[in-house]
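2 protein chains.
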Amino acid sequence: MENLDINKAAPLLKLLGDKTRLTMVKILDNHDCCVCEFVEIFKTSQSSVSQHLRKLRDLGLVQEERRGQWIFYSLQKESEYYSFIQQILNQLPSQDGKLKELEEQGLRITCC
Amino acid sequence: MENLDINKAAPLLKLLGDKTRLTMVKILDNHDCCVCEFVEIFKTSQSSVSQHLRKLRDLGLVQEERRGQWIFYSLQKESEYYSFIQQILNQLPSQDGKLKELEEQGLRITCC
DNA sequence: TGAATATATAAGCAAATCGTAATATACTTA
DNA sequence: TAAGTATATTACGATTTGCTTATATATTCA
Numbered sequence: 063m064e065n066l067d068i069n070k071a072a073p074l075l076k077l078l079g080d081k082t083r084l085t086m087v088k089i090l091d092n093h094d095c096c097v098c099e100f101v102e103i104f105k106t107s108q109s110s111v112s113q114h115l116r117k118l119r120d121l122g123l124v125q126e127e128r129r130g131q132w133i134f135y136s137l138q139k140e141s142e143y144y145s146f147i148q149q150i151l152n153q154l155p156s157q158d159g160k161l162k163e164l165e166e167q168g169l170r171i172t173c174c
Numbered sequence: 063m064e065n066l067d068i069n070k071a072a073p074l075l076k077l078l079g080d081k082t083r084l085t086m087v088k089i090l091d092n093h094d095c096c097v098c099e100f101v102e103i104f105k106t107s108q109s110s111v112s113q114h115l116r117k118l119r120d121l122g123l124v125q126e127e128r129r130g131q132w133i134f135y136s137l138q139k140e141s142e143y144y145s146f147i148q149q150i151l152n153q154l155p156s157q158d159g160k161l162k163e164l165e166e167q168g169l170r171i172t173c174c
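Here the protein sequences line up with chains A and B, keeping their order. Heads up: the first sequence is residues 63 to 174, going by my numbering. Heads up: the second sequence is residues 63 to 174, going by my numbering.
For the record, the hints were derived by calculation from the structure and aren't laboratory data. The reader is advised that the hints may include incorrect statements.
Any copy, or any two copies together, can satisfy a pair, since identical chains are not distinguished.
[Claimed, not checked] SDA-like mimics (lysine to any residue), calculated; alpha carbons at most 25 Å apart, straight line:
(1) Lys-162 x Cys-98
(2) Lys-139 x Ser-107
(3) Lys-162 x Leu-66
(4) Lys-70 x Lys-105
(5) Lys-70 x Gly-168
(6) Lys-160 x Met-63
(7) Lys-81 x Arg-129
(8) Lys-76 x Lys-162
(9) Lys-139 x Glu-127
(10) Lys-105 x Glu-142
(11) Lys-76 x Gly-130
Using the sequences and the hints, build the whole thing.
Put into structure tokens, the structure is as follows:
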């Protein structure tokens, strides 16, 4: 088991210590998502979603990739935090239901 | 592996997302400690240590026990968060060196 | 019992955080 | 190219956080 210095672990846990971001990361662990999907899922503003994703990206937890009109986010598997995070995500219940809801409403983006 | 609801996991991670508290919990995972030891370890005020411990106790992560003049804190192994936390602590480097320093300075409390 | 030690709590302040509203940028499509 | 859609950024206000200072409580010991 790799160790992560406390000076790095604490800010990481703080970042994940927000319900919205933690759910985002849990979802991204299984599916790429674009911003507008998160807006639907969390019933919040686009700005708020964008700012949360920025923080995740600033720490290198996620990466963005443009696909046409949309920008998709995915987990950065090469991150030094990746295996650490996995141990946490594995203990959280699946959030796939939230994506399933989107699909049923026809709001899931499946471009490209 | 037990699951922990996101509504509980997020505040827990937030609580652990502080370097002082995370280190405290890591230390407590192996050794009971009293407040004045933490004051030495973190080179901070007694009040600050006390307030951090209060937050950990409010969530049920630690418990206190008076031993004579001192109040010792230990991890609450019966906490619903305990196994979740273990997965995190296992990925952190040992902080025993900090206690060893105390011993060398003769500041480790070993009453009762 | 009085002084010293250990701990908890309350009040106040500066910094960080999170949401909203407004605006800017980039891409798509008619 | 103009309008519509998707996203990012900025500014701002309310709330939270963590520290310090001051004070209160509990225990020990001379």
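These are the hints, each one checked on the structure:
Only within a single protomer do Lys-162 and Cys-98 lie at most 25 Å apart by alpha-carbon distance; the minimum there is 15 Å, versus 52 Å between protomers. Neither within a single protomer nor between protomers do Lys-139 and Ser-107 lie at most 25 Å apart by alpha-carbon distance, with minima of 28 Å and 40 Å respectively. When the C-alpha separation of Lys-162 and Leu-66 is checked against a cutoff of 25 Å, the pair qualifies only between copies, where the shortest distance is 21 Å, while the shortest distance within a copy is 34 Å. Taking the shortest alpha-carbon separations for Lys-70 and Lys-105, only the inter-copy value of 20 Å comes in at or below 25 Å, while the best intra-copy value is 31 Å.
Within a single copy, Lys-70 and Gly-168 get their C-alpha atoms no closer than 40 Å, and across copies no closer than 30 Å, so neither meets the 25 Å cut-off. In this assembly of identical chains, Lys-160 and Met-63 lie within 25 Å of each other by CA distance solely across copies; the values are 22 Å between and 32 Å within a copy. Taking CA atoms no more than 25 Å apart as the test, Lys-81 paired with Arg-129 passes in neither setting, with 27 Å inside one copy and 38 Å between copies. For the homomeric pair Lys-76 and Lys-162, neither the shortest alpha-carbon distance inside one copy (29 Å) nor that between copies (28 Å) is at most 25 Å.
In this assembly of identical chains, Lys-139 and Glu-127 lie within 25 Å of each other by CA distance solely inside one copy; the values are 14 Å within and 43 Å between copies. When the C-alpha separation of Lys-105 and Glu-142 is checked against a cutoff of 25 Å, the pair qualifies neither within a copy, at 31 Å, nor between copies, at 30 Å. Within a single copy, Lys-76 and Gly-130 get their C-alpha atoms no closer than 33 Å, and across copies no closer than 36 Å, so neither meets the 25 Å cut-off.
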